[in-house]
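Chemist: Generate the whole structure from the sequences, applying the supplied hints.
Quick mapping for you: the protein sequence lines, in order, are chains A and B.
The first sequence: position 123 = 123 (this note's numbering), numbered continuously.
The second sequence: position 50 = 50 (this note's numbering), numbered continuously.
Read the hints as simulated data drawn from the structure, not as lab findings.
Please read all numbers here as calculations on a predicted model, not as lab measurements.
Treat the hints with caution; some may be incorrect.
As the list claims (entries may be wrong) - Footprint (simulated), chain A over chain B, 3 or more residues, beta carbon under 8 Å:
no.	stretch
1	3–16
2	34–44
3	60–68
Unchecked claim - Derived DMTMM-like pairs (lysine to aspartate or glutamate); straight-line CA-CA distance at most 20 Å:
no.	chain 1	residue 1	chain 2	residue 2
4	B	Lys-28	B	Glu-103
5	A	Lys-28	A	Glu-104
6	A	Lys-28	B	Asp-70
7	B	Lys-28	A	Asp-70
8	A	Lys-28	B	Glu-68
9	B	Lys-28	A	Asp-65
10	B	Lys-111	B	Glu-90
11	A	Lys-28	A	Glu-41
12	A	Lys-101	A	Glu-33
13	A	Lys-28	B	Asp-65
14	B	Lys-28	B	Asp-110
15	B	Lys-101	B	Glu-33
16	B	Lys-101	B	Glu-41
17	A	Lys-28	A	Asp-110
18	B	Lys-28	A	Glu-68
19	B	Lys-28	B	Glu-41
20	B	Lys-101	B	Glu-90
21	B	Lys-111	B	Asp-65
For each residue, glycine too, the CB sits at the ideal point set by N, CA and C.
Number of protein chains: 2
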Amino acid sequence: MPPLSDIQQRIGHQFRNQELLERALTHKSYANENRVPAHNERLEFLGDAVLGLVISEYLMRTCPDSTEGDLSRLRAAVVSEPALASIAREIGLGSYLLLGKGEEQTGGRDKDSLLANTLEALIASIYLDAGTAAVETFVLF
Amino acid sequence: MPPLSDIQQRIGHQFRNQELLERALTHKSYANENRVPAHNERLEFLGDAVLGLVISEYLMRTCPDSTEGDLSRLRAAVVSEPALASIAREIGLGSYLLLGKGEEQTGGRDKDSLLANTLEALIASIYLDAGTAAVETFVLF
Chain A
1 MPPLSDIQQR IGHQFRNQEL LERALTHKSY ANENRVPAHN ERLEFLGDAV LGLVISEYLM
61 RTCPDSTEGD LSRLRAAVVS EPALASIARE IGLGSYLLLG KGEEQTGGRD KDSLLANTLE
121 ALIASIYLDA GTAAVETFVL F
Chain B
1 MPPLSDIQQR IGHQFRNQEL LERALTHKSY ANENRVPAHN ERLEFLGDAV LGLVISEYLM
61 RTCPDSTEGD LSRLRAAVVS EPALASIARE IGLGSYLLLG KGEEQTGGRD KDSLLANTLE
121 ALIASIYLDA GTAAVETFVL F
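Modeler: This is the structure we're talking about:
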């Protein structure tokens with residue numbers, strides 16, 4: 001795994017609390033195998049909501065004439081699994097993931113669902129570390 | 001319609017920008033009939049995301065041992081249409097709604113979908129008026 005300083009450079013956020021970053025990158029399968037108490041599933045839950053709000057505010061600002069239906073369709077496209085997996089691949093998120101052996105053997109490191117979920121967990125960890133503004137910087141720029 | 005001061009007392013938030021409250025209470029059908037430019041549909045879109053984040057953070061805090069699956073199910077129940085419509089009825093939201101004649105005649109003032117959407121719009125208007133903390137005060141207390 002490349003050093004964690006690399007991923008922080010790539011996403012433009014230096015974590016005050018490195019544990020948050022480590023938790024975001026720890027898949028449940030790794031935590032189970034290695035008896036690590038924390039993994040990223042609950043962060044994924046929070047990240048989904050954080051991302052939803054950041055994208056909604058962005059769309060409200062940038063699409064002043066769009067209807068609620070159009071905004072909803074746009075948001076759904078932006079936060080879709082393939083879109084999130086694509087961003088995750090761009091920042092090389094898979095290579096920083098702590099995965100269990102089973103997931104590793106079945107190609108988990110490049111699965112859309114796993115990458116999208118990890119990106120959501122990463123977004124939650126940035127939010128908990130530094131608030132909405134830091135997430136906006138990462139997601140929108 | 002009762003005075004708008006009443007609904008502000010009921011929800012525990014005094015709007016700095018009263019226009020936000022008025023927009024949240026203006027249904028598209030009323031805006032169309034009366035050539036009012038602003039209605040609450042786009043606010044509904046934003047409110048859905050604001051509510052999602054506020055509830056997610058609350059569940060993360062109060063359910064430290066719940067899995068991501070449990071948290072997702074809980075969140076879905078809390079933000080479901082019947083749950084939101086029930087809160088809307090508790091605060092008497094229907095009586096403050098500006099509705100078009102067609103919606104009025106078909107009982108729109110007491111429709112679950114319409115009440116839930118208006119509550120989401122109200123949540124967005126509180127958020128735009130005073131931020132997340134004000135929404136938390138309204139939603140969680």
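Chemist: Run every hint past the structure and note whether it holds.
Modeler: Results of checking the hints against the structure:
For the stretch 3–16 of chain B, the assignment as covered by chain A is violated, since 0 residues bring a beta-carbon within under 8 Å of that chain's beta-carbons and 3 are needed. Three residues within the 8 Å Cβ limit are the bar, and the stretch 34–44 of chain B against chain A gives 3, so the coverage statement holds. Counting residues of the stretch 60–68 of chain B whose CB lies closer than 8 Å to any CB of chain A gives 4, so the stated coverage by that chain holds, three being the minimum. With a C-alpha separation of about 10 Å, the suggested pair B:Lys-28 and B:Glu-103 falls inside the 20 Å cut-off, and the hint holds.
Under the criterion of a C-alpha separation no larger than 20 Å, the hint pairing A:Lys-28 with A:Glu-104 is consistent with the structure, at around 12 Å. The straight-line distance between the Cα atoms of A:Lys-28 and B:Asp-70 is roughly 15 Å, inside the 20 Å bound, and the hint therefore holds. Straight-line distance between C-alpha atoms of B:Lys-28 and A:Asp-70 comes to about 15 Å, which keeps the hinted pair within the 20 Å bound. For the given pair, A:Lys-28 sits about 11 Å from B:Glu-68 by alpha-carbon distance, which is consistent with the 20 Å threshold.
Note on B:Lys-28 and A:Asp-65: the hinted pairing holds, with a Cα-Cα distance of about 15 Å set against a maximum of 20 Å. Annotation: proposed proximity of B:Lys-111 to B:Glu-90 holds, straight-line Cα distance about 14 Å (limit 20 Å). For a cut-off of 20 Å, the pair hint linking A:Lys-28 to A:Glu-41 stands: about 7 Å separates their Cα positions. At roughly 8 Å between alpha-carbon atoms, A:Lys-101 and A:Glu-33 fall within 20 Å of each other, so this suggested pair holds.
A threshold of 20 Å between alpha carbons decides the hint, and for A:Lys-28 with B:Asp-65 the separation of about 15 Å falls inside it, so the pair holds. Note on B:Lys-28 and B:Asp-110: the hinted pairing holds, with a Cα-Cα distance of about 16 Å set against a maximum of 20 Å. As the CA atoms of B:Lys-101 and B:Glu-33 are separated by approximately 8 Å, the hinted pair is consistent with the 20 Å bound. At roughly 18 Å between alpha-carbon atoms, B:Lys-101 and B:Glu-41 fall within 20 Å of each other, so this suggested pair holds.
Between the alpha carbons of A:Lys-28 and A:Asp-110 the distance comes to roughly 16 Å, so the proposed pair stays at or under 20 Å and holds. At most 20 Å may separate the alpha-carbon atoms for a hinted pair to count; B:Lys-28 and A:Glu-68 meet this at roughly 11 Å. Simply put, B:Lys-28 and B:Glu-41 have alpha-carbon atoms about 7 Å apart, close enough for the 20 Å limit, and the pair holds. Between B:Lys-101 and B:Glu-90, the direct Cα distance comes to roughly 24 Å. Violation of the 20 Å bound is thereby established for this hinted pair.
Between B:Lys-111 and B:Asp-65 the CA atoms are separated by roughly 36 Å; this puts the pair beyond 20 Å, and the hint is violated.
Violated hints, in rising order: 1, 20, 21; the structure is consistent with all others.
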